[in-house]
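Single-letter residue listing:
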Amino acid sequence: MAQTEVLKIGVVSALTGPGSEWGLAQDGAIKIAAREVNAKGGLKVGDKTYRIEVISYDDQYKAAMAVSGATRLIEQDKVKFIFGPMGSAALLAVKPLYEKNKTIAVIGAYTEKALDKDTKYSYRGFPTQTEFAGPIVKWLRSHYPNLKTVAEFEPNDETGWASQRLLKGDYQAAGFEIVSSELVERNVKDFQPVLTRVLALKPDIIELGTTPPGTSGLIVRQAREMGFKGQFVKLGGPGVPQIVAAAGKDFAAGLISYAAADTTTKAYKELEAKYAEVLKPPMNEFTVYFYDMARMLLEAIQRAGTVDDTDKVRAEFEKLSPYSGIQGQVRWGGMDHYGSNHQIITPVFVGIVKNGEQTIAGQIE
Amino acid sequence: MEFALQIVVNGLMSSLVYILMALGFTLIFGIMRVVNFAHGEMYMIAAFLVYALVGSLGWNYYLVVVLSALALGVFGAILERALFRPFVGRELQGMIMALAVSITLQAVAFILFGPNDLSVPRPITGVFDVGPMVIPRDRVAVGASALVVLLAFYVFMRYTKTGLAMRAVVQDEDIASIYGVRPKIIHPLAFGIGAMLAGFAGALMAPIYTIHPYMGAQPMLKAFIVVILGGLGSVPGAVLGGIILGLLESLFATLVNTTVATMVCFGIVVLILLFKPTGLLAR
Chain A
1 MAQTEVLKIG VVSALTGPGS EWGLAQDGAI KIAAREVNAK GGLKVGDKTY
51 RIEVISYDDQ YKAAMAVSGA TRLIEQDKVK FIFGPMGSAA LLAVKPLYEK
101 NKTIAVIGAY TEKALDKDTK YSYRGFPTQT EFAGPIVKWL RSHYPNLKTV
151 AEFEPNDETG WASQRLLKGD YQAAGFEIVS SELVERNVKD FQPVLTRVLA
201 LKPDIIELGT TPPGTSGLIV RQAREMGFKG QFVKLGGPGV PQIVAAAGKD
251 FAAGLISYAA ADTTTKAYKE LEAKYAEVLK PPMNEFTVYF YDMARMLLEA
301 IQRAGTVDDT DKVRAEFEKL SPYSGIQGQV RWGGMDHYGS NHQIITPVFV
351 GIVKNGEQTI AGQIE
Chain B
1001 MEFALQIVVN GLMSSLVYIL MALGFTLIFG IMRVVNFAHG EMYMIAAFLV
1051 YALVGSLGWN YYLVVVLSAL ALGVFGAILE RALFRPFVGR ELQGMIMALA
1101 VSITLQAVAF ILFGPNDLSV PRPITGVFDV GPMVIPRDRV AVGASALVVL
1151 LAFYVFMRYT KTGLAMRAVV QDEDIASIYG VRPKIIHPLA FGIGAMLAGF
1201 AGALMAPIYT IHPYMGAQPM LKAFIVVILG GLGSVPGAVL GGIILGLLES
1251 LFATLVNTTV ATMVCFGIVV LILLFKPTGL LAR
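Residue numbers (the working numbering), protein chains in the order written: chain A, 1 to 365; chain B, 1001 to 1283.
This is chain B alone, in the form it adopts within the complex (with noise of 0.2 Å):
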C-alpha cells in the first residue's frame, strides 16, 4: 500500500510535465498539421533563460518562470511565420523543417552554455511527509504551477472566442475560414501557445534536473508518446495519455526497472499504433 501509493504520486507528478509538453505538441500539430520535432527544443531554451537570468543574474525565479515562458511564446510565434508557414498542412516538409530548426537550436546552446550539465539553484528544497509517502517540495510546486497553467489553458480554448476558433481551425480550417476565421492569426497564435506551454515546463523543471543542450530530446520524446496514445490533434487525449504515461513510467520504474518502464511504454504505444492508429481520444 505504502508502495502503491508513492507509485502514484510520483507517477502524477511526472504526468502533469509530459502534459503540458504534449499539450503544445499536440495544438501545433492540431492546427498547423506540423509536427515539431523542435518542441523539446523550446524547452531547452526556456530552461538555459533560467540557468542564465536566476542561476548567473540572480532575478527571481518565479518571474523568471513567466517571463521565459512568454518569450518561448513570442519566439514560437516568430518561427512560424518566418519558418514553418510555407509548410502548414505539408506534414513530412514540416518535418524536416522542425527537424532542422531543432539541430540548429541544439548546437547553439552548444556554442553558447557547452556540453556539460548545468544547475541552478532550488527556489524550493525539502519535503512533505504524507503518511508513509515522501513528496519532494519543489516537485509539489511544479505539479500545482502546471495544473494552474493546464485549467488556464482550458478556459482559454473553452470558453474565448479565440479559443473557440482555434478548436474550429483544430476541425476544419476552409469552413473556420468562411466563418471569418483568420488562420494567418490562428497559426502563429496557436505556435505561440504551443511554444509558451513547452517553456513552462522546461523553465519549472530546471531547477530539478541539470540542463545542457540536449536536454529537450528526452521530454520531447515523451511528448510523442502521449500524442500518440491520446491521439495527434487531441487535446483530453493528451491530458489522458500523459496520465497514462506517467503511471506506467513510475509503476514499472519501481517494481521492475526503468529499462522495463521504457519498453513497456513503447510497448504500447506499438498496440495503439496497430490497433487503435488514431489514438485513444482522436476522432
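Excised from the complex, chain A in its bound form (with noise of 0.2 Å):
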C-alpha cells in the first residue's frame, strides 16, 4: 500500500513591488503543477506517492531578503528544490547556498555570471537576453531600416547593469548608435527630468530593457507627453498589459518587445486560466516557461526514483531535453557561452502592441 508523504518546493522570489509579475510568474507556474499532481492523487516517487507543498517567501527583488528566504527554505523547512530568485542581485546572493546544499533550483535573473561551469544545481528556467536580444535587434534593424539611434533606460541594480551591458553590443553590433545609456532607481515614477536631458539627443529608439512593466509604462507614457515620436523597444521581461495599462493605450501602440509566449493561443489561455485559480491575474507571460519547468522537474524527480538524492534528479533533469513545452519543444543549451547546459532555449516570438494588445509580429527560433 503506498503512503502519501509531503513533497516541499520553495519558492523564493520578487512577490510583492516592482517586479513582481516575474516573480510570480515563478510563485504561479509551479503551483500550477501542484495543484495538477495532487489532483491526481499526488507524485508517485518510488514507492511512495507524495501530495506537492509549495512554500513561498518574497525577497522583494532583493538580495539580503533572497538570503533570509532561501536560507530558511533549506535550513528549515528542509527543501531540496526550489524556484528563484529573479532578481540577479538577488541570484548571485543565494546560488552559493544551492550549490553548497546540492539544492536543485530553477532560476530567472538575467545576470550572465548566473552560469558558469561550475554551476550544478542551478538551473535557468528561461531564455535571457543572451539568447533574444541579439536576434530580435537584428529583427529591428532589417524591418526598421529608418531607426539609427537608441537612448536606453535600465533599473540602477544588477539586472539592469548586467541588460545594459549586453544591449548596448547588440544594438552596436547591429549597428546602431547609442545615444544614452540611463540607470535609474527602482523607486523612481516621476521621469521628466531625466527625459528632458534624453529627448534632447533625439533618440530614434527608447529601449526600456529590464524596466518593470508598471514603470516602463510611465516612462512611455512621460516621453510622448513630452513629445518624443519615435519607437519603443523593451527586450527585457514582458508586462505589456501593465504597460498598456500605465502608459495608456494610443501612446502604447507600435512598442515592440520580446514576447516570452503567443497569447493567442489555446494553450496559452487555458494556462491561464489555471493561474487565475491558484494566484490573482493577470498572468505575466513568464508563467509558460517555468510551468514547463515545473513539469519538468517533477518528471525529473518520478524519473530519479528519489525526493532526496539531488544529483539523481539533476541528473534526470538534463536527460528531459527535447521536451514537449506549451508552446513547441525545449532544450537544455548554453555549453558555448556559459560553459554548462544549464540554459532552457525556447522559440522566442517579436511581439508589437496593437491597439492596447499584444501582437505577433514573427518568431524566431
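The set of hints was computed from the structure by calculation and includes no laboratory data.
Each residue gets a CB set at the ideal place from its N, CA and C atoms; glycine is no exception.
Treat the hints with care, as some may be off.
Restraint-style ranges between C-beta atoms, simulated for each label pair [said to hold, decoys possible]:
1. M1263/B - K40/A: 52 to 62 Å
2. S321/A - L1273/B: 25 to 35 Å
3. Q172/A - L1083/B: 38 to 48 Å
4. P281/A - P1121/B: 15 to 25 Å
5. V1256/B - Y144/A: 27 to 37 Å
6. N355/A - V1074/B: 40 to 50 Å
7. G339/A - V1260/B: 30 to 40 Å
8. A273/A - R1182/B: 56 to 66 Å
With the Cβ distance kept under 10 Å, some of the chain B side facing chain A (calculated, not the full set) [said to hold, decoys possible]:
9. Q1006
10. F1075
11. L1118
12. R1139
13. T1162
14. N1257
15. I1268
For the chain B half of the interface with chain A, some residues (derived, Cβ under 8 Å), not all of them [what the hints assert, rightly or not]:
16. P1115
17. V1134
18. Y1214
19. Q1218
20. S1250
21. T1259
22. T1262
23. C1265
With the hints as a guide, bring both chains together as one complex.
Encoded structure:
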C-alpha cells in the first residue's frame, strides 16, 4: 500500500513590489503544476506517493531578503527544490547556498554571471537577453531601417547593469548608435527630469530593457507627452498589459517587445485559467516557461525515484531534453556561452502592441 | 536656458506635492510630537480610493479627490483617538506605533488589491507647450490644486480661531491649555488635517503614477527630507524645504542622473543635521 507523504518545493522570488509580475510567474507556475499533480492523487516516486506543497517567500527583488528566504527554505523547511529568485542581485547572493547544499534551483535572473562551468544545481528556466536580444535587434534593423539611434533605460542594480552591457553590445553590433544609457532607481516614478535631457539627444528608439512593466508604462507615457515621436522597444522582461495600463492604449501603440509567449494560443489561454485558480490575475507570460520547468522537474524527480538525492534528480532533469513545452519544443543549451548546459532554449516571439494588445510580429527559433 | 526653465518647472511641480505631504507630517509632529511613519499610507489609501471609485465604479474624479481627502481626514482623527492618543509627547513609542500602523495598512492593501502596479484613467491628458518648455496638463492641474489646498491651509492656520489654537499648541501646549485651548479636540483635528493633506496628495497623484500597496514609502521619505530641511514642526519650513528638495532633485536628475539627485538630497540632509539640526526655519 503506497504511503502519501509531502514533497515541499520552495519559491523565493519577488512576490511584491516592482518586478513582482515576474516573480509571481515562478510562484504561479509551480503552484499550477503542484495543483495538477495533487488533483491526480499526488506524485508517485518509487513506492511512495507525495502530495506537493509549495512554500513561498518574498524577496522583494532584494539580495538580503532572498538570502533570508533561501536559508529558511533550505535549513528550516528542509526543501531540496526551489524556484527563484528572479532578480540578478538576489540570485548571485543565494546561488552559493544552492550549490553548497545541493539544492536544485530553477532560477530566473538575466545576469550573465548566473551560469558558469561550475554551476551544478542551478538551471535557468527562461531564455535571457543573451539568447533573444541579439536576434530581435537584428530583426529590428531589417524591419525598421530608418531607426539609427538608441537611448536605453535600465534599473540601477545588477539586473539593469547586466542588461545594459548586453543590449549596448547587441545594438552596436547591429549598427545602431547608443546616445544615452540611463540607470534609474527602481522607486523612481517621475521621469520628466531624465527625459528632459534624454529627449534633447533626439533618440530614434527608447529601449526599456529590464525596467519593470508598470514603470516602463510611465516612461512611455511621460516621453510621449514630452513630444517623443520615436519607437519604444522593450527587450527585457515582458508585461505588455501592465505597460498599456500605465501608459494608456494610444501611447503604448507600436511598442515592440520581446514576447515570451504567443498569448493568442489555446494552450496559453488554458494556462491563464489555471493561473487564476492559484493566484490573482493577470498572469505574466513568463509563467509559460516556469510551468514547463515545473513539469520537467516533477517528471525528473519521478524518473530519479528519489526526493532526496538531488544528484540523481539533476541527471534525469538534464536528460529531459528536448521536452515538449506548451508552446513548442524546449531543450537545454548554453554550453558554448556559459560553459554548462543549464540554460533553457525556447522559441522567441517578437511582439508589437496594437490597440492595447500584444500581437506577434515575428517568431525567431 | 531651455533646460533651466524646464528644470525649474519640473522642480516646482514636484515641490507642491512634497509640500502637501510634508505639511501634514510636520503639523502632526508639531502638535502631538508623534513622528507619523504611517503618513505615506494616508497617501496610498487615497490613491486606492481613487482606483476603486473612479477606476472601477466610474465616479467623477474631482468629486472623488475631495471625498478621499475628507475620508482620510476622518480616518486620521479616528487613528488619533484609537491608537495615538496615549503616545502624545512620547516620541519613541509613538514612532513604533506609527510603524506598526504603516505596515498593517500596507498589508491590508496588499490583501485587498494584490502586489501589481495598478492604473486609473487620467482625467486630463495632453501638454502645454510654453516656448521651449513642455508641461503636462495633468501635472499643472495637480500643481494648481495643491496650491489651492495650501492656500486654504494657510488661511485656516493664520486667520481662524482654531488655527490660532493649533499654533498655540505647537508653541506650548500647557500655556495654550491655560488659555482654554482643549488638546483633546486639537489633537484629532491636527491628525485629521495632516492625514487629509496626505490624502489630497495621494488622490491627486493617483492618475499620474501607478498605484500599489507600497507607494506611500517614497512620498513619506520625501516628506521626511523636507521637514528635516525646513525644521520638524515648522509649517513655513515645510514650504521652503519642499521647494529646495523639488528644485534640487530636478536639477541633478536632469543634468546628471536620479541616483546623484537622491545622493545630493540626502547629503544636504546630513549637512543640515550636522550644522543646523533644528532645520532651516525651526526655532
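Violating hint indices (sorted, rising) = Violated hints: 2, 3, 10, 13, 15 and 23; rest satisfied.
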